[in-house]
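Novice: What follows is each chain in one-letter form.
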Amino acid sequence: GAVVSQHPSRVICKSGTSVKIECRSLDFQATTMFWYRQFPKQSLMLMATSNEGSKATYEQGVEKDKFLINHASLTLSTLTVTSAHPEDSSFYICSARTSAGADQPQHFGDGTRLSIL
Amino acid sequence: AQKVTQAQTEISVVEKEDVTLDCVYETRDTTYYLFWYKQPPSGELVFLIRRNSFDEQNEISGRYSWNFQKSTSSFNFTITASQVVDSAVYFCALSSRGISNNLFFGTGTRLTVIP
Chain A
1 GAVVSQHPSR VICKSGTSVK IECRSLDFQA TTMFWYRQFP KQSLMLMATS
51 NEGSKATYEQ GVEKDKFLIN HASLTLSTLT VTSAHPEDSS FYICSARTSA
101 GADQPQHFGD GTRLSIL
Chain B
1 AQKVTQAQTE ISVVEKEDVT LDCVYETRDT TYYLFWYKQP PSGELVFLIR
51 RNSFDEQNEI SGRYSWNFQK STSSFNFTIT ASQVVDSAVY FCALSSRGIS
101 NNLFFGTGTR LTVIP
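Residue numbers (this note's numbering), protein chains in the order written: chain A, 1 to 117; chain B, 1 to 115.
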């Protein structure tokens, strides 16, 4: 149980393109979804937290107009990297949690490796 | 403020050896939760264990065991009889009740098990 699907797993595109990444909880309803960014050989950096039906909460330093997050349903959240540039190249990982409680583990997707040429 | 420290950046062991991954945390909250995740080369994070701050019982699951000690703010992870499939990056993480219920990750320990 607690499967999170993330799509696509890899994206290579030209600078200036907008890229949408989907995160779906397959067998549970996710009250809260999270988006992380991970640079090579580094830890996960939380970008934003989204709750179904409300605006995402962005971490300090993350541009909300650059990284658009939509949590339209209890099973789907999307991250759109708008007008992507080479510095946006990274590994993006989503996670989902069944409730807002801090005691609940986050279940992670397989990640999306984004490469901007 | 929440902080998780994994001082060991990389560890290499020979197959069948035991290995302990260290995790030290800081929090002002009295109720908090500790987690371990495994990230194999393929990239996905796999949830391994959750521990509540009010439950200091150690836990064993197969070859995995966890030692939680509030007195030293540590939550160490031991793999016995390591196998090549254990090679991965292991992250310790902390969350607590409060304004933010987010996970705070350590920097991870890269474990390489040599056949």
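Heads up, some of the hints might be wrong.
Stated by the list, open to error - Straight line, CA to CA, 25 angstroms or less: simulated SDA-like cross-link-like pairs of lysine to any residue:
1) A/Lys41 x B/Ser53
2) A/Lys41 x A/Gly53
3) B/Lys38 x A/Leu26
4) B/Lys38 x A/Val11
Everything labelled a hint here was simulated from the structure, so no lab data went into it.
Novice: Does each hint hold? Answer for all of them.
Specialist: So, going through the hints one by one against the coordinates:
In summary, the hint linking lysine 41 of chain A to serine 53 of chain B is not supported, as the alpha carbons are separated by about 29 angstroms, beyond the 25 angstroms threshold. Between the alpha carbons of lysine 41 of chain A and glycine 53 of chain A the distance comes to roughly 34 angstroms, so the proposed pair goes past 25 angstroms and is violated. A C-alpha spacing of about 21 angstroms is found between lysine 38 of chain B and leucine 26 of chain A, which places the hinted pair at or below 25 angstroms, so the restraint holds. Between lysine 38 of chain B and valine 11 of chain A, the direct Cα distance comes to roughly 24 angstroms. Compliance with the 25 angstroms bound is thereby established for this hinted pair.
The structure does not agree with the numbered hints 1 and 2 stated previously, though it agrees with the rest.
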